[in-house]
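4 protein chains.
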Amino acid sequence: MKPSLKQYIFEIIEGSNKDNWVGQVFDSFILVLIVLNLVTFSLETVHSVWIEYKEVLTAFDIISVFVFTFEYSLRVWSCTVNPKFRHPVWGRLRFIFTPLLLIDLSAILPFYLPLFFPDIRFARSIRLFRFFRLLKLTRYSDSLKIIFTVFLIKKEELIITFFVWFLLLFSGSSLMYFAEHEAQAKAFPDIPTAMWWGVVTLTTVGYGDIYPITPMGRILAGILAVLGVGILALPTGIIASGFYDELQGKRKKKRHKHAIICPHCGNLIDEHPSDKSHH
Amino acid sequence: MKPSLKQYIFEIIEGSNKDNWVGQVFDSFILVLIVLNLVTFSLETVHSVWIEYKEVLTAFDIISVFVFTFEYSLRVWSCTVNPKFRHPVWGRLRFIFTPLLLIDLSAILPFYLPLFFPDIRFARSIRLFRFFRLLKLTRYSDSLKIIFTVFLIKKEELIITFFVWFLLLFSGSSLMYFAEHEAQAKAFPDIPTAMWWGVVTLTTVGYGDIYPITPMGRILAGILAVLGVGILALPTGIIASGFYDELQGKRKKKRHKHAIICPHCGNLIDEHPSDKSHH
Amino acid sequence: MKPSLKQYIFEIIEGSNKDNWVGQVFDSFILVLIVLNLVTFSLETVHSVWIEYKEVLTAFDIISVFVFTFEYSLRVWSCTVNPKFRHPVWGRLRFIFTPLLLIDLSAILPFYLPLFFPDIRFARSIRLFRFFRLLKLTRYSDSLKIIFTVFLIKKEELIITFFVWFLLLFSGSSLMYFAEHEAQAKAFPDIPTAMWWGVVTLTTVGYGDIYPITPMGRILAGILAVLGVGILALPTGIIASGFYDELQGKRKKKRHKHAIICPHCGNLIDEHPSDKSHH
Amino acid sequence: MKPSLKQYIFEIIEGSNKDNWVGQVFDSFILVLIVLNLVTFSLETVHSVWIEYKEVLTAFDIISVFVFTFEYSLRVWSCTVNPKFRHPVWGRLRFIFTPLLLIDLSAILPFYLPLFFPDIRFARSIRLFRFFRLLKLTRYSDSLKIIFTVFLIKKEELIITFFVWFLLLFSGSSLMYFAEHEAQAKAFPDIPTAMWWGVVTLTTVGYGDIYPITPMGRILAGILAVLGVGILALPTGIIASGFYDELQGKRKKKRHKHAIICPHCGNLIDEHPSDKSHH
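Protein chains in written order, with the numbering used here: chain A, 32 to 310; chain B, 32 to 310; chain C, 32 to 310; chain D, 32 to 310.
For the record, the hints were derived by calculation from the structure and aren't laboratory data. Keep in mind it's a predicted model, so treat the numbers as computed, not measured. Warning: the hint list may mix true and false statements.
[As the list claims (entries may be wrong)] Pairs of lysine-lysine residues, derived as DSS-like cross-links and limited to a Cα-Cα distance of at most 30 Å, are as follows:
hint	chain 1	residue 1	chain 2	residue 2
1	B	Lys-217	A	Lys-217
2	D	Lys-176	B	Lys-176
3	D	Lys-115	D	Lys-176
4	A	Lys-186	C	Lys-186
[To be verified] Some chain A residues flagged as far from chain C (calculated, every beta-carbon gap over 12 Å):
hint	residue
5	Tyr-39
6	Glu-42
7	Val-53
8	Trp-81
9	Phe-97
10	Tyr-103
11	Asn-113
12	Gly-122
13	Phe-142
14	Leu-183
15	Ile-244
16	Leu-251
17	Ile-254
18	Leu-258
19	Phe-274
20	Glu-277
Glycine is no exception: its CB is placed at the ideal position from the N, C-alpha and C atoms.
The whole structure should be built from the sequences, with the hints applied where relevant.
Structure representation (structure tokens):
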């Protein structure tokens, strides 16, 4: 069965088939454009660059938005190929409110609606969310799934670790405030500031803008730093054991999956049961 | 058998049954109140906030203590439902001296006994210990048990690691004192101060308040920092292998446990042998 | 069959046979000479050392280059012993363009071609690449293979981790720029500078040259630092599980390999099928 | 068979039997004395403490040395109980030259030989080595053995990791010198100083005494910091997989060991084959 133009466009834009080289080129082009947008977005804040290349940067911004708008329109137009969004009106509306499409919209909306968002710089920062579109790239999706699965499996342990860490942060910072407030009222004026010190110390960043100077404060800070490093070992251990588990589970699953891969298109059949008609 | 009011209250306050939504709401309410107390406790130390919201913060403090006192009274009154503390006088006395109840008491005592603790701020910091009450929350208790079990199983390895770390800290700081004392007597005036430098370096915090400037001191500091980073790999490795062990043991145990879960209430039967009569 | 002089030289220079003590001495000598070159290369930049030991350092440099040139010539002359580079002209040419030989050439070329590279210091820095020659050393090659294999197996997970990390870096630094630019325009003048702060924070280096001072910036920096530390746990977990996998695979392979080690020379027979004729 | 006084003393000082409570007390007493010596050693360098407590500290030092001398004499006298050092002269001489006894000697020698070591402070620092005596304590020896075994098993991987790390340090620091020397000749005057910056960065300590300011230097430093953090994941992964291996091996071994534990004294019989006569 020969595909229609809409089906062809849909395959290029949304398809995950690695044999479709046009789709690969399209994905790469959008990816490069996003990265270039991030670079220009950063460079626009550099005063000397903005002065000199104002026109180039603005032109590139306008072109980018037009490309992204065209891509967005193509997606909305062709989405009815997907059986899940078959209806020309309600299907498209439901498609528009999927997270990925909302991200796409947020990348172009700030350009068209300067009335709604008068602070144009902040509005532009929303385009960063377009970055998440990368996650869609097929070749990475398997690995990303593993990482998310590990986090999901180990959710409870990670939350309780963060909870213990926060307990340490709060009690440590409060004690630090009492130990150091007298000696250096400027560095430790209140507990929230002491908690800033606590975060910087327990993550071992250690800027050095605030640090204890009294013997009691230093002993306390030393104990906190050691405990902080010890607690940092917890998520690593949790995630390492999670990766090992996930890997073993995935291996078994994969062996099972190989049996139900479609020999015609290379896709997994039970993942797209509605596509069964295509061969 | 219809439960009495005391049994009903006991189930709400001390019960770990996830189907009891009143108990869940009660736990959440106390949890939110504790967190709010921590926030106000921190904000009270910020001078500008204290000046402006003195009355609100004080009122919130009084209300919180009354709520905590009421909760404490309910716990002591209803504890006789638990067969372990059945006796109205001795049971309650034994209950009062359990760690969790002592923590609860320490949260409200500083308010009622300003004569015993005239320094009201320090007294209030005891209320932080109420934070530990969170650990009781049923849904986290399993994960917390795993973390504690891992630490217990690996206790010896972790102690010996800390011991080796301390050995490195002490000898390194002493050598550093001899290397740098001549060049910068202010930064390295004595070995205890050099040990402060050592803790900040070996935990990789690195504030930058004290650092070597002589070639010999820098080589020594470089070696120490590398060794410190190497030793930090030890607890991570220990804990990671501990998590993996614990996980495998737990999985086997769980499979066994499923067979003896009560189909009526969802509790594990062999964990509450005295509750066997309830179905 | 008695080996010719060329074969004998080839065994010494390129051979990985641990019983060949002349080859071991040769490897050690070249290794020590490389390390000494690195030391003198560093010391030449110290002004006081350069003033005093100019002649010694220059003489050592010339001698080193001559030794390295002699070694290079021997390698090119003897390479025809290897069946892969048997042809006296085309084999040698192909040998010269192997990566290791190009590294060797880059170590001596800067000395002979000062016309091509007038900035003699930068040219000398190319000699650093000779350092990689160490990787050839037989006794380390097994372990290095494991490390590279682990990185290769886990390539996708590591790339996606780096990608998530970069996403966090870019979005965090951009938000930080908006939070801190007003308060301290010098520390956060533009997003590229904010990204420098982001790299220093997310790797927990924390120099302290740039740090937030506004409450919003500090809360943001705290969240970023915690997330950064959390993401650092990912590669560790990935690599730890990779090492465990690789180890188990290697163990099985090794058991198999032992069966096909040549009892006469100690080499693995199926690795050098063309050498089968030697016993 | 009733033990003689010498055997009794030997059991107390050198014995690892946990039922011998006199030996336990003796070990604890020596341990506490060592820790107190470390504390006084540190405090003596604090000028104000030294001025005020000179007599107390000196007296404590003299008493400590006498106790350590008495302990050393007892060890040398009673060592002949051990079949390995049975000969009253040659056995004792061989015993004196065992590492542990040399450490013991080094703790007291600096006191008796101020002529050999006129710089009394440095001499005293040798007493630190007495600290290693702690490692002898029976209850920790098993865990320490595991840690050492893990390092031994993974020796090659750890060395090659350090080698890769050093390669990165050297090349990164050299490139950094070329990138930053022009902009800040004081911070990066030569490559050795740049390497100090490199060590501080690659271990993520980040004092902030030296940091790049040029865009090229910052990009280079960012890449180096990320690579440094990535390499830090390697030893953790290596050690974690090593711990897991060692644990499994140990478990199998232990099961075997249980069969040959002496039912009379609790010691492992095949560890002290010469003690077989004691039951």
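Here is how each hint holds up against the structure:
Annotation: proposed proximity of Lys-217(B) to Lys-217(A) holds, straight-line Cα distance about 22 Å (limit 30 Å). A threshold of 30 Å between alpha carbons decides the hint, and for Lys-176(D) with Lys-176(B) the separation of about 28 Å falls inside it, so the pair holds. Simply put, Lys-115(D) and Lys-176(D) have alpha-carbon atoms about 22 Å apart, close enough for the 30 Å limit, and the pair holds. Proposed proximity of Lys-186(A) and Lys-186(C) is supported: the alpha carbons are some 25 Å apart, at most 30 Å.
A cut-off of 12 Å between C-beta atoms confirms that Tyr-39(A) is not in contact with chain C; the least separation is 30 Å. Residue-level check passed: Glu-42(A) sits 24 Å from the nearest beta carbon of chain C, beyond 12 Å. Distance check for Val-53(A) against chain C: the nearest CB is about 24 Å away, which clears 12 Å, and the non-interface claim stands. For Trp-81(A), the non-interface assignment is contradicted: its Cβ lies about 9 Å from the closest Cβ of chain C, within the 12 Å cut-off.
With a cut of 12 Å on Cβ distances, Phe-97(A) stays outside the contact zone with chain C, its closest approach being about 23 Å. No Cβ of chain C approaches the Cβ of Tyr-103(A) within 12 Å, the least distance being about 21 Å, so the stated non-interface status holds. Listed as outside the interface, Asn-113(A) is consistent with that label: its C-beta sits roughly 26 Å from the nearest C-beta of chain C, beyond the 12 Å cut-off. A cut-off of 12 Å between C-beta atoms confirms that Gly-122(A) is not in contact with chain C; the least separation is 31 Å.
Phe-142(A), annotated as away from the interface, keeps every beta carbon of chain C farther than 12 Å; the closest lies near 17 Å. No Cβ of chain C approaches the Cβ of Leu-183(A) within 12 Å, the least distance being about 14 Å, so the stated non-interface status holds. No beta-carbon of chain C comes within 12 Å of the beta-carbon of Ile-244(A); the shortest separation is about 16 Å. No Cβ of chain C comes within 12 Å of the Cβ of Leu-251(A); the nearest lies about 19 Å off, and the non-interface call holds.
Non-interface call for Ile-254(A) relative to chain C: holds, since the shortest CB-CB distance, roughly 19 Å, exceeds 12 Å. Non-interface call for Leu-258(A) relative to chain C: holds, since the shortest CB-CB distance, roughly 14 Å, exceeds 12 Å. A beta-carbon of chain C comes within 12 Å of the beta-carbon of Phe-274(A); the shortest separation is about 4 Å. Its closest Cβ contact with chain C, about 9 Å, brings Glu-277(A) to no more than 12 Å, contrary to its assignment away from the interface.
Going through the hint list in order, the structure does not satisfy hints 8, 19 and 20.
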